Amino acid sequence: MAKVHVTTSINGEPMEFLCEPSDTMLDALRGPLALTGSKEGCASGDCGACSITLDDRLVCSCLMLAVESEGHEIRTIEGLAQGERLHPLQQKFLEMAALQCGICTSGMLVASDALLKKNPDPSEEEVRFWLAGNLCRCTGYDKIVRAVMETAAEMRAH
Amino acid sequence: MTELRYLAPGTLDEAVGAFAKAGSAARILAGGTDLLVQMRSGALKPGVIVDIKKIPELTAIEQTADGGFRIGAAVSGMALAEHETFGKVWPGVLEAVNLIGSKQVQGRASAGGNLCNGSPAGDSVPAMVAAGAVVTVQGPDGRREMKVEDVPAGPGRTNLKPGEILVSFTLPPRPPGSSDAYLRMIPRTEMDIAVVGCGVSLTMKDGTVTSARVGLGAVAPTVLLVEDAAKALIGSKLDDAALARAAAACSAACRPIDDKRGTIAYRIKVAGVLLKRTAAIAAQRAQGK
Numbered sequence: 001m002a003k004v005h006v007t008t009s010i011n012g013e014p015m016e017f018l019c020e021p022s023d024t025m026l027d028a029l030r031g032p033l034a035l036t037g038s039k040e041g042c043a044s045g046d047c048g049a050c051s052i053t054l055d056d057r058l059v060c061s062c063l064m065l066a067v068e069s070e071g072h073e074i075r076t077i078e079g080l081a082q083g084e085r086l087h088p089l090q091q092k093f094l095e096m097a098a099l100q101c102g103i104c105t106s107g108m109l110v111a112s113d114a115l116l117k118k119n120p121d122p123s124e125e126e127v128r129f130w131l132a133g134n135l136c137r138c139t140g141y142d143k144i145v146r147a148v149m150e151t152a153a154e155m156r157a158h
Numbered sequence: 159m160t161e162l163r164y165l166a167p168g169t170l171d172e173a174v175g176a177f178a179k180a181g182s183a184a185r186i187l188a189g190g191t192d193l194l195v196q197m198r199s200g201a202l203k204p205g206v207i208v209d210i211k212k213i214p215e216l217t218a219i220e221q222t223a224d225g226g227f228r229i230g231a232a233v234s235g236m237a238l239a240e241h242e243t244f245g246k247v248w249p250g251v252l253e254a255v256n257l258i259g260s261k262q263v264q265g266r267a268s269a270g271g272n273l274c275n276g277s278p279a280g281d282s283v284p285a286m287v288a289a290g291a292v293v294t295v296q297g298p299d300g301r302r303e304m305k306v307e308d309v310p311a312g313p314g315r316t317n318l319k320p321g322e323i324l325v326s327f328t329l330p331p332r333p334p335g336s337s338d339a340y341l342r343m344i345p346r347t348e349m350d351i352a353v354v355g356c357g358v359s360l361t362m363k364d365g366t367v368t369s370a371r372v373g374l375g376a377v378a379p380t381v382l383l384v385e386d387a388a389k390a391l392i393g394s395k396l397d398d399a400a401l402a403r404a405a406a407a408c409s410a411a412c413r414p415i416d417d418k419r420g421t422i423a424y425r426i427k428v429a430g431v432l433l434k435r436t437a438a439i440a441a442q443r444a445q446g447k
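Protein sequences, first through last, are from chains G and P.
So in our numbering, spot 94 of the first sequence is number 94, and the numbers just go up one at a time.
So in our numbering, spot 123 of the second sequence is number 281, and the numbers just go up one at a time.
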């Protein structure tokens with residue numbers, strides 16, 4: 001079976017890769033593209049560990065085919081930091097211990113970043129509802145929600 | 159190793175041709191949030207996937223000349239939420255579409271997929287039924303229209319003919335004093351499917367209901383249009399007696415299953431309770447409160 005050639009943009013860089021028609025975007029990211037920040041949790045769209053953005057919309061990379069990225073803009077956790085400089089969300093997650101095992105963290109960060117771009121001043125309820133698609137078995141969510149709220153406040157102040 | 163072929167035609171005619179040619183081995187890909195899960199679990203092994211998102215008509219949201227809306231079958235919930243006026247005219251349909259799954263799922267999942275997946279608990283379906291939405295389908299024998307309530311045939315099945323593709327939803331224009339609402343009962347906040355879902359659309363004049371439609375989900379093998387509930391509301395000022403009659407009509411229409419989310423008795427009771435609450439919200443919106 002011939003592989004499919006896909007031309008896309010990942011974290012602002014033009015990118016080409018080969019995949020099977022049945023490969024998910026997550027398969028392509030973690031395989032040929034060697035971007036292993038997106039994690040596979042459930043592979044059924046329930047846990048959010050594989051969250052990316054597709055044309056600035058938050059999606060689960062396990063719920064899209066890799067071939068569907070043709071001609072679109074993908075952003076992953078690898079595009080969040082500016083070189084060595086962490087994104088304010090990443091810095092705050094570290095400071096406030098908003099992670100333990102780390103499997104959910106990249107998805108939480110991508111989802112939180114998508115929220116703050118859309119709504120720089122979310123209520124706690126809005127943060128909790130937005131992150132309902134990201135499961136974490138370690139933190140009990142409180143630290144994550146507080147880190148997102150604090151980051152939002154700091155980013156608004158700057 | 160896979161024998162799957164992926165096609166992304168740019169026109170509806172090409173899509174219909176490819177879909178019909180591939181026969182029962184073909185599946186339509188809109189948001190893919192159900193299809194990819196079914197493929198992953200091994201429940202489905204399609205030979206051909208026809209991605210319909212490159213067809214402009216399938217991803218467009220347009221206001222029609224008479225003031226109604228036409229929504230492409232593959233429009234995602236997030237795209238609908240971002241539309242400037244849709245949520246102002248049809249707040250109930252929008253809230254139903256944006257109860258489907260998580261934000262990640264709403265970034266992809268479409269009302270077309272929700273309807274064609276054939277789940278009795280699909281959130282957008284009762285709201286579309288209440289809205290009086292009509293779908294356009296196109297197949298090898300041409301184009302036709304169907305009422306939304308006529309599309310589901312049973313769990314996981316539709317009344318679309320072989321080779322037919324759902325193209326768009328058309329929502330009618332709304333007279334002044336109209337609005338709608340959707341509520342669902344779920345065992346835990348967010349990320350679960352409905353135990354009961356209720357959509358109510360109504361038009362009011364001087365505090366009296368002049369027209370109404372009621373859709374109920376998750377209480378029968380298909381989503382229901384409950385005409386007796388609408389009749390009980392029409393002509394009333396939504397007083398307790400009228401709401402009680404409409405609630406009783408909803409409960410009477412239920413033919414639910416017992417499962418881990420709710421018993422038969424519970425679903426029947428909740429259908430009536432939700433009717434009252436949903437109608438109250440729709441009425442407040444219709445009166446601009």
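Hints in this document: simulated from the structure, not taken from any laboratory.
None of these values were measured; they are calculated from a predicted model.
Incorrect hints may have been included.
BS3-like mimics (lysine-lysine), calculated; alpha carbons at most 25 Å apart, straight line [to be verified]:
id, chain 1, residue 1, chain 2, residue 2
1, P, K418, P, K389
2, G, K3, P, K434
3, P, K434, P, K447
4, G, K118, P, K363
5, P, K211, G, K3
6, G, K3, P, K212
7, G, K117, P, K434
8, P, K363, P, K395
9, G, K3, P, K305
10, P, K211, G, K118
11, P, K389, P, K305
Cross-check of the supplied hints:
Between K418(P) and K389(P) the alpha-carbon distance is near 33 Å, which puts this suggested pair outside the 25 Å criterion. Under the criterion of a C-alpha separation no larger than 25 Å, the hint pairing K3(G) with K434(P) is inconsistent with the structure, at around 55 Å. For the suggested pair K434(P) and K447(P), the alpha carbons sit about 17 Å apart, so the restraint of at most 25 Å is met. A C-alpha spacing of about 38 Å is found between K118(G) and K363(P), which places the hinted pair above 25 Å, so the restraint is violated.
At roughly 21 Å between alpha-carbon atoms, K211(P) and K3(G) fall within 25 Å of each other, so this suggested pair holds. Pair hint K3(G) plus K212(P) holds up; C-alpha atoms about 21 Å apart against a cutoff of 25 Å. At most 25 Å may separate the alpha-carbon atoms for a hinted pair to count; K117(G) and K434(P) exceed this at roughly 37 Å. For a cut-off of 25 Å, the pair hint linking K363(P) to K395(P) stands: about 10 Å separates their Cα positions.
Distance check on the hinted pair: K3(G) and K305(P) sit about 41 Å apart at the alpha-carbon level, beyond 25 Å; violated. Proximity of K211(P) to K118(G) is assessed by CA-CA distance (about 24 Å); at most 25 Å being required, the pair is judged to hold. Between the alpha carbons of K389(P) and K305(P) the distance comes to roughly 19 Å, so the proposed pair stays at or under 25 Å and holds.
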